[in-house]
Amino acid sequence: MIGLRFRKKLQAASGVITLTVEQEIAPHQLIAITGPSGSGKTTLLRLLAGLSKPESGFLRFGEEVWLDTERKVFVPPQKRSIGMVFQEYALFPHLRVGANLRYALQKGGDTKIIKELIDIMELGQLVDRFPRQLSGGQQQRVALARALVRQPKLLLLDEPLSALDTDLRQRLQDYMLRVHHQYGLTTLLVTHDFSEISKMAEIVWRLEEGEITYAGPPANLERPRNWAETTLVGTVVRCQSLPGGVLLTVHLPSGQLIQIPYLGKIPPGPGEKIPVAIGGPGRVDVGR
Amino acid sequence: MDYFPDAFWQTLGLTVRLAATTTIILLVVGIPLGWYLASARHRLKPVFEALVSMPLVLPPTVLGFYLLLAFSAESSFGSWLNSTFNIQLVFTFSGLVVGSIIYSLPFMVQPIQSGFESLPAHLAEASYTLGKSRWTTLTRILLPNIRASVLSGLVLSFAHTIGEFGVVLMIGGNIPGKTRVASIAIYDEVEGLNYGLAGEYAGVLVIFSFLILLVIYSVNARKPRLL
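Taken in order, these protein sequences are the chains called A and B.
Going by the working numbering, the first sequence opens with residue 486, and the numbers climb by one from there.
Going by the working numbering, the second sequence opens with residue 28, and the numbers climb by one from there.
So that you can see chain A by itself, here it is in the shape it has in the complex (with noise of 0.2 Å):
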């Protein structure tokens, strides 16, 4: 059981957010939160990681403590049992393949986790080469393979596939279901995706200006009328700086040219690629 209660001032598009939670998390259960940009999602994540201190919080994992700001415990991330995958993969870039993964090998850790990570994630014919030469889904198996070298018992994946096209995100969710039902792992995935998380969670947070307005199964989870139904991968055509603000033209992979307001705090340039969440009627939203 992991046990988790957290305040944390967040800067936000619409201002200063105060991110409060608590909550349980029974073992071996697959998580998906999800929620506007700037809800305070990742922040979440990087709390249970250890990359972020609270104002005040504990955190309990198992018979662990992780953290007791009364007490002052803050357990760092090194001797935290967690895996994370970056929304940007994060991988080496000077390490190959198999060098980035047996870089997460702990001292007198068994090599064998890696050839069954390689297996599962079907990497054999990746392992000499380097980051670069990688596809987007190339990237994201490898950082999840890395992550699970550890053997971690709590997996942490921020928005892991919101930069991949469609079919390539199915691939993905499998190979994640199945290292999470594999190794026995207890799950948290932020993500925009509807179809994602009913594919995968078996609980759905939703978080809202740093609170959470549903915690329970994903049949209940009611789609907003802003609601995120997928998120498409566009290009960028054009970024302007307007009296209101930054307005992005942005190319989808269906051919059509949008209009949407940026609110992040570095705008994207011409010619980069960004994840787009498309919602109800004439309702987009962007993601970093």
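Quick caveat, the hints were computed from the structure, so don't treat them as lab data.
Possibly wrong hints are sitting among the right ones.
[As the list claims (entries may be wrong)] Heads up, simulated DSS-like pairs for lysine-lysine below, C-alpha to C-alpha not over 25 Å straight-line: (1) Lys597(A) <-> Lys638(A); (2) Lys538(A) <-> Lys205(B); (3) Lys205(B) <-> Lys494(A); (4) Lys557(A) <-> Lys538(A); (5) Lys494(A) <-> Lys557(A); (6) Lys564(A) <-> Lys538(A).
[What the hints assert, rightly or not] From the derived model, a few chain B residues whose C-beta atoms are all more than 12 Å from chain A: (7) Leu150; (8) Pro171; (9) Asn172.
Note that this is a predicted model, so its numbers are computed, not measured.
A virtual CB, placed ideally from N, CA and C, is assigned to each residue, including glycine.
Go by the hints and put chain B onto chain A.
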């Protein structure tokens, strides 16, 4: 090489020894300092950055003047060094090394700092979540990815120390075999109207500097770019 007097080679050897010693110490100091400045969110960070960069704008004679005051046996710091560690820094090689380290500090720290700043934060974070310490992360992930920045820090510090004049003149003087480096020797020979020897020092420095840069950039060009 009977054509050149022994003093010629002695002076050049001392110049290279000073530059090499300074560069090696600066590397050891510059990596942690650059990493700290790249990752710090501290309120006082601009103060540290300004202090590190001061030698860029300060005339070397000003720096040398204050170091001379600080190191002299009459000052409290200088006499403390002398009585506690038996170290004299004025008109000695050790003094030149200390002065050069301060003078060339920004040339090592700035490239390394901007190298670290150019790396995405998630590289180090990914390494931490894989159970790796800060030391392992630094040596096996971060430094290999900023090799080019470290290399330019090395080259710039070395070259800058070779070319140093003002600080050396103030705190080192012109003692053959101890503190007389090539740039001082050139000045000295010109003052003595000995243009021939001055020209030879200058020529050797030009060729030497070019060769070092050539070797380093050739080696660097052969390695594939990673980022």
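Consistency of the hints with the structure:
The suggested pairing of Lys597(A) with Lys638(A) holds, with an alpha-carbon distance near 18 Å, which does not exceed 25 Å. Using a Cα cut-off of 25 Å, the hinted pair Lys538(A) and Lys205(B) is violated, with the two alpha carbons roughly 54 Å apart. Proposed proximity of Lys205(B) and Lys494(A) is contradicted: the alpha carbons are some 60 Å apart, above 25 Å. The straight-line distance between the Cα atoms of Lys557(A) and Lys538(A) is roughly 11 Å, inside the 25 Å bound, and the hint therefore holds.
A threshold of 25 Å between alpha carbons decides the hint, and for Lys494(A) with Lys557(A) the separation of about 19 Å falls inside it, so the pair holds. For the hint linking Lys564(A) to Lys538(A), the alpha-carbon distance of about 15 Å falls within 25 Å, and the restraint holds. The beta carbon of Leu150(B) sits about 6 Å from the closest Cβ of chain A, which is not more than 12 Å, so the claim that it is off the interface is violated. Interface exclusion of Pro171(B) from chain A breaks down, the closest Cβ pair being 5 Å apart, not more than 12 Å.
Some Cβ of chain A comes within 12 Å of the Cβ of Asn172(B); the nearest lies about 6 Å off, and the non-interface call is violated.
Going through the hint list in order, the structure does not satisfy hints 2, 3, 7, 8, 9.
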